[in-house]
Amino acid sequence: MNENLSIRFGSLELSNPLVAVSGTFGYGFDYEPVIPPEIFGAIVVKGTSLEPWPGNPPPRIVETPAGMLNAIGLENPGVEVLVEEYLPRLAARDVRVIVNVVGKTVEEYVGVARRLQGIEGVDALELNVSCPNVKAGGMSFGTSPAAIDNLVGAVRAATDAPLIVKLTPNVTDIAEVARAAEEAGADAISLINTLLGMAIDVDAGKPVLANVVGGLSGPAVRPVALRCVYQVRAATSLPILGLGGVASAEDVIAFIMAGASAVGIGTALFADPLAPHRILSDLAAYRARYDEWPVGRAHL
Amino acid sequence: MNENLSIRFGSLELSNPLVAVSGTFGYGFDYEPVIPPEIFGAIVVKGTSLEPWPGNPPPRIVETPAGMLNAIGLENPGVEVLVEEYLPRLAARDVRVIVNVVGKTVEEYVGVARRLQGIEGVDALELNVSCPNVKAGGMSFGTSPAAIDNLVGAVRAATDAPLIVKLTPNVTDIAEVARAAEEAGADAISLINTLLGMAIDVDAGKPVLANVVGGLSGPAVRPVALRCVYQVRAATSLPILGLGGVASAEDVIAFIMAGASAVGIGTALFADPLAPHRILSDLAAYRARYDEWPVGRAHL
Amino acid sequence: MLDPSREGGPEVFGARLVHNAPEGRARRLLLVVEEDIAPVPGQFLQLGVGGGGETYLRRPISIADWDGARGLLELLVLPVGKGTGLLASAQPGSIIDCLGPLGRGFDLDAAGPIPVLVGGGIGAAPLVYLARRLAERGCPPLTFLGASDHPGLAGEKSLTALSRGVVLATEDGSRGATGMITEVMLRNPGELEGATAIMACGPRGMLAALKGMARERGIPAYGSLEEHMACGVGACLGCAVPMSRPESGKSYLRVCADGPVFPLEEVILA
Amino acid sequence: MLDPSREGGPEVFGARLVHNAPEGRARRLLLVVEEDIAPVPGQFLQLGVGGGGETYLRRPISIADWDGARGLLELLVLPVGKGTGLLASAQPGSIIDCLGPLGRGFDLDAAGPIPVLVGGGIGAAPLVYLARRLAERGCPPLTFLGASDHPGLAGEKSLTALSRGVVLATEDGSRGATGMITEVMLRNPGELEGATAIMACGPRGMLAALKGMARERGIPAYGSLEEHMACGVGACLGCAVPMSRPESGKSYLRVCADGPVFPLEEVILA
Ligand SMILES: Cc1cc2nc3c(=O)[nH]c(=O)nc-3n(C[C@H](O)[C@H](O)[C@H](O)COP(=O)(O)OP(=O)(O)OC[C@H]3O[C@@H](n4cnc5c(N)ncnc54)[C@H](O)[C@@H]3O)c2cc1C
Ligand SMILES: Cc1cc2nc3c(=O)[nH]c(=O)nc-3n(C[C@H](O)[C@H](O)[C@H](O)COP(=O)(O)OP(=O)(O)OC[C@H]3O[C@@H](n4cnc5c(N)ncnc54)[C@H](O)[C@@H]3O)c2cc1C
Ligand SMILES: Cc1cc2nc3c(=O)[nH]c(=O)nc-3n(C[C@H](O)[C@H](O)[C@H](O)COP(=O)(O)O)c2cc1C
Ligand SMILES: Cc1cc2nc3c(=O)[nH]c(=O)nc-3n(C[C@H](O)[C@H](O)[C@H](O)COP(=O)(O)O)c2cc1C
Ligand code: FES
Ligand code: FES
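Residue numbers (this note's numbering), protein chains in the order written: chain A, 59 to 358; chain R, 59 to 358; chain W, 66 to 335; chain C, 66 to 335.
Simulated from the structure, these hints should not be mistaken for lab results. Glycine included, every Cβ here is placed at the ideal spot set by N, Cα and C. Treat the hints loosely; a few may be bogus.
Stated by the list, open to error - Derived DEER-like restraints, expressed as beta-carbon distance ranges: (1) Ser159(C) x Pro87(W): 43 to 51 Å; (2) Arg336(A) x Pro144(W): 26 to 34 Å; (3) Gly115(C) x Glu308(A): 50 to 58 Å; (4) Gly150(W) x His335(R): 19 to 27 Å; (5) His335(R) x Ser154(W): 36 to 44 Å; (6) Ser69(R) x Pro87(W): 52 to 60 Å; (7) Gly146(W) x Pro91(R): 31 to 39 Å; (8) Ser154(W) x Val192(A): 21 to 29 Å; (9) Gly259(C) x Ala346(A): 25 to 33 Å; (10) Pro91(R) x Thr225(C): 34 to 42 Å; (11) Gly314(W) x Pro190(A): 35 to 43 Å; (12) Pro146(R) x Glu100(C): 29 to 37 Å; (13) Gly314(W) x Leu358(A): 45 to 53 Å.
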């Protein structure tokens, strides 16, 4: 690991800005030995709920131009298995771990945060607010500033861990949602989650995904993600984990210049498992150009 | 032209479902002789305002994965030049013409609609509601159901022409906006306009576009566009002009199955000016599979 | 029981295409591999097919055969879309970007002395290497191969050489018996006499029929499944197949990492 | 004055690459074209460069030379990014997807008896065909070519053959005079004596300097501009250049359709 790539992301010192994003890197081990988890500044594990969630029926994914749709449905074994099985294995490795937290009610999110309170090896929580808010009739938590305020406030009270709120781009005004998260006590913002999309199988005359709609990710969404990071950087003073379509060191720098102090990679791992290695070696050359990481430089 | 490709789009009978979308085909003549305007079921001319608009400084466009960003800034010579210069030339051709209407206030939209009232060769108006609503402080007309209601109601009263409302996907709930347009008297919905995005020039350390943000179009956005068409089809009974990333006959059928009865093509013309020819010849083979166009079939 | 996946996990490597010839409607690709990938029969590769944004994800393709001594990899590719189309038209000399070997293959120990292999269409691909390894162990299989028509048959020649016997069937009768291969098997129940396991790859319907046959005879049946894949390594949960017996909130298995070869009793094939 | 754009408008055609050789840091591509595209010097093509989603838009490339009798098209391509990189590495035999000829080229009638051509770096590309057509009319140009260094010079050989004289300059002095080509021109004002027009292609700064020189001498100056393009035919308004004298709400011209060649007095080059 190149020491010169280290960067401060809120209260966390990361060995480099590159973060494996939730849902694309499992619990850190599936890509071994091609991608050891240690090469990342941090890894975000799969969205974790209080009880196990089964996920959606297949097909769950479909390729799209320069990207893909997924409708995994947040399949996960629940926080208990995370704590018993995966976190101890991760704790034995030299890697920062962020747990992505999901729930259908505020209570479920709080429950996960409580269970993780004080557990060794959990460096931060990332609240995935794209889940359907069952109490509010299915619209996601992340689409309403009031729901964000309520949720973040409740989880904030339940944990000492740094709290990252991961926003959905499927809103009219992402800056407003980010400000709500900041006011409710979030320590950082992560964006973007996937864009809502769909694909149709014209031979079958029906949606490809069993779930009908899915989340769009990959290079196709990069311009939207950069715009969201840029807008949120201008609207709040929170550190940002920027992500969406990152595939090269140039992309990492673009997100940093838009305002991110950590940059996630997900879908590009599928297309090119060597991308993290290439990015990190190319990043060293970029890093040498600047006295410090050019966080937010594109705003000047 | 293959007669069998004809389709009913609201009150209009189109010779085929393929429509050249606003801003990508000028006033119909720029691509001649490669693409004669007659091959389309209809063409939508560039966004037209009451007075001339100068547009944004360059750079106005930048390529992105499977797409592009544009920030033309709705440069156009104003409705008077449209009426005096372009509409007569178009009236001499055998092509349906839809005028895309833009404005910064309700009065400006109404002014354009009035000026076009009764003009020969205007088959429909398409209200582009993605313009900044200056009276409401810059948020676009298309992001608030109340603003849509107000705008569509006022234009409805000013024209007899079929009124298509073109929605922006940059909203939390597009179905809600579509319903507002329907209730205010729209005859059809067109979607999607571009997704808000940006690109950063990492060597210069600043946004590529002089306007900072721009609109994302091309195949990259197709999954989002299909999802919007599908949602609006379920939420309203209005005919839909579906568009966003269309590049093949298969894409046209996918939009039709999602609920569109006319399908637009824009950015793909830039990449492949022969796309319309190829699409129309491939469409004939698809058409032969069905008794009637499978509009909305993916909802069954 | 041995874990039928490769020790040490997958690698990323470039394989040089040296031969590309038709095999019915499919293409037979021969590639030179420098690494000792030592795959298990039934394992697959995730191939980067280039093509930029239009084929962003990798494509799962079975290891059809492997000659470790010479580092020769064989693939059988049926061009059905953009990605397989690009692969099928790749020119000798080009380097194919491979991730693998991936997944859990066929458990050779479970095959018993008289294994029966059943391939449907391009599904025959992984059976060639499986038959070779079974033959090496002194248990050459009895092989059933079916397809819609003669050009749809794949691997016939290699499988004939490696099996103790081969039964062919095509739906249109253009080669072998007429009908679906499972129908032909049911029409000649004697052929399965003494079989110790069924190992198959092909359409879900075929696998479902085999599941029934195996259950009746009380022998184990293993099938290689297909599902859309993103990662291919188990990280994304994209390639779900429903479990026959869900356990404590877990309802799906991953085709790429828990399979692609499953005991058919463990999965729902509907 | 003749409209310096092609009658009948552009076409889409495939051009077969027959030769690809280095020319300094650039590549000289020779292509066979079946169609009689009859371009005007200064016109360009929009080339589809493949590469799928990563190079979705076409790339504007000048027609460097055209031999109508033999249907031979020459391009000079400097690989600066993904698209030009793909073009520069295209193999002879491959078919390049072309849209064109596009835009308004140089007005030969406005060149006068002693035209002066000025090229900066890869900007020399369209000057080759321009020099050829001027020479054919009996008015071979006086040509100034500049670049940062020797490998940055393009078209030197052809332009030397077609011009009445050629002055070379490089910023590092590795070929010709040392300095920017416009500095060299200013240092030797006698060279421009009697010039009837300046026709140029190169960086904006170079064009701005030439605009000043031409204004002082009272001769017309024409320059070919570059801007990011989507359609290349005038439909999208993507390639705006600000007008020197905006008129009734119109403030920009389109590089692709109103240019790429403009009287420099009509555009703001800042
Ligand atoms: C474990 C495994 C082994 C396979 N082995 C072989 C083999 O040896 N030879 C062979 O010809 N084919 C094999 N297939 C099927 C092959 O992967 C698909 O035909 C191929 O992915 C289709 O891609 P395409 O771009 O040509 O088609 P498209 O339809 O354009 O593909 C679009 C998307 O759907 C996915 N997709 C489409 N069909 C399938 C499918 N049947 N399975 C998985 N994903 C699919 C593609 O991967 C891609 O992401 C195998 C599939 C799996 C899962
Ligand atoms: C009218 C005209 C004629 C030209 N003639 C030639 C020529 O003969 N030889 C030559 O080598 N180059 C020429 N250029 C420049 C050439 O078009 C760019 O270098 C090329 O588009 C860069 O593409 P890329 O994919 O290699 O670079 P990238 O930087 O990856 O391109 C990204 C995007 O920016 C655009 N872009 C980047 N630089 C330019 C530029 N300078 N002008 C326009 N668009 C740009 C690309 O087209 C693409 O859309 C010409 C440009 C214009 C406008
Ligand atoms: C297969 C898959 C599964 C995902 N699962 C989760 C998840 O569990 N929690 C979450 O917050 N985001 C999840 N995401 C979204 C990603 O973390 C990320 O926000 C998105 O994919 C955009 O980044 P990318 O383009 O680099 O992939 C998932 C994405 C994919 C592709
Ligand atoms: C260069 C450009 C200019 C555009 N101008 C307009 C416009 O004037 N009015 C409008 O409603 N939409 C405009 N659009 C949006 C398109 O009409 C269309 O909604 C969008 O590009 C998505 O379709 P596509 O992916 O097929 O291009 C423009 C798009 C582009 C790329
Ligand atoms: S493809 Fe990712 S888990 Fe199987
Ligand atoms: S590139 Fe479209 S108008 Fe010039």
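*asked:* Quick check: does the Cβ-Cβ distance between glycine 314(W) and leucine 358(A) fall within 45 to 53 Å?
replied: 50 Å, holds
*Measuring from beta carbon to beta carbon, are glycine 314(W) and proline 190(A) in 35 to 43 Å?*
Once the Cβ atoms are compared, 18 Å apart, the range 35 to 43 Å for proline 190(A) and glycine 314(W) is violated.
*Return holds or violated for the Cβ distance of glycine 259(C) and alanine 346(A) against the range 25 to 33 Å.*
52 Å, violated
*Are proline 91(R) and threonine 225(C) spaced within 34 to 42 Å by their CB atoms?*
Given a distance of about 38 Å, which is inside 34 to 42 Å, the answer is holds.
_31 to 39 Å as the expected CB spacing between proline 91(R) and glycine 146(W), which holds or is violated_ = 34 Å, holds
_Please check whether histidine 335(R) and serine 154(W) have a Cβ separation lying inside 36 to 44 Å._
At 24 Å between Cβs, range violated.
*Does the Cβ distance between serine 154(W) and valine 192(A) fall inside 21 to 29 Å?*
Violated, at about 50 Å.
*Assessment of proposed distance window 19 to 27 Å (beta carbons of glycine 150(W), histidine 335(R))*: 22 Å, holds
*At the C-beta level, are arginine 336(A) and proline 144(W) separated by a distance inside 26 to 34 Å?*
With Cβ atoms ~30 Å apart, the hint holds.
*Mind checking the hinted window 52 to 60 Å against the Cβ distance between serine 69(R) and proline 87(W)?*
With a Cβ separation near 54 Å, serine 69(R) and proline 87(W) satisfy 52 to 60 Å, so the hint holds.
*asked:* A range of 50 to 58 Å was offered for this pair. Does it hold for the Cβ distance of glycine 115(C) and glutamate 308(A)?
replied: The hint (50 to 58 Å, Cβ to Cβ) is violated, given that glycine 115(C) and glutamate 308(A) are roughly 21 Å apart.
_Taking the Cβ atom of serine 159(C) and the Cβ atom of proline 87(W), is their distance within the range 43 to 51 Å?_
Check failed, 24 Å falls outside 43 to 51 Å.
Hint violations for this structure: numbers 1, 3, 5, 8, 9, 11, all remaining hints satisfied.
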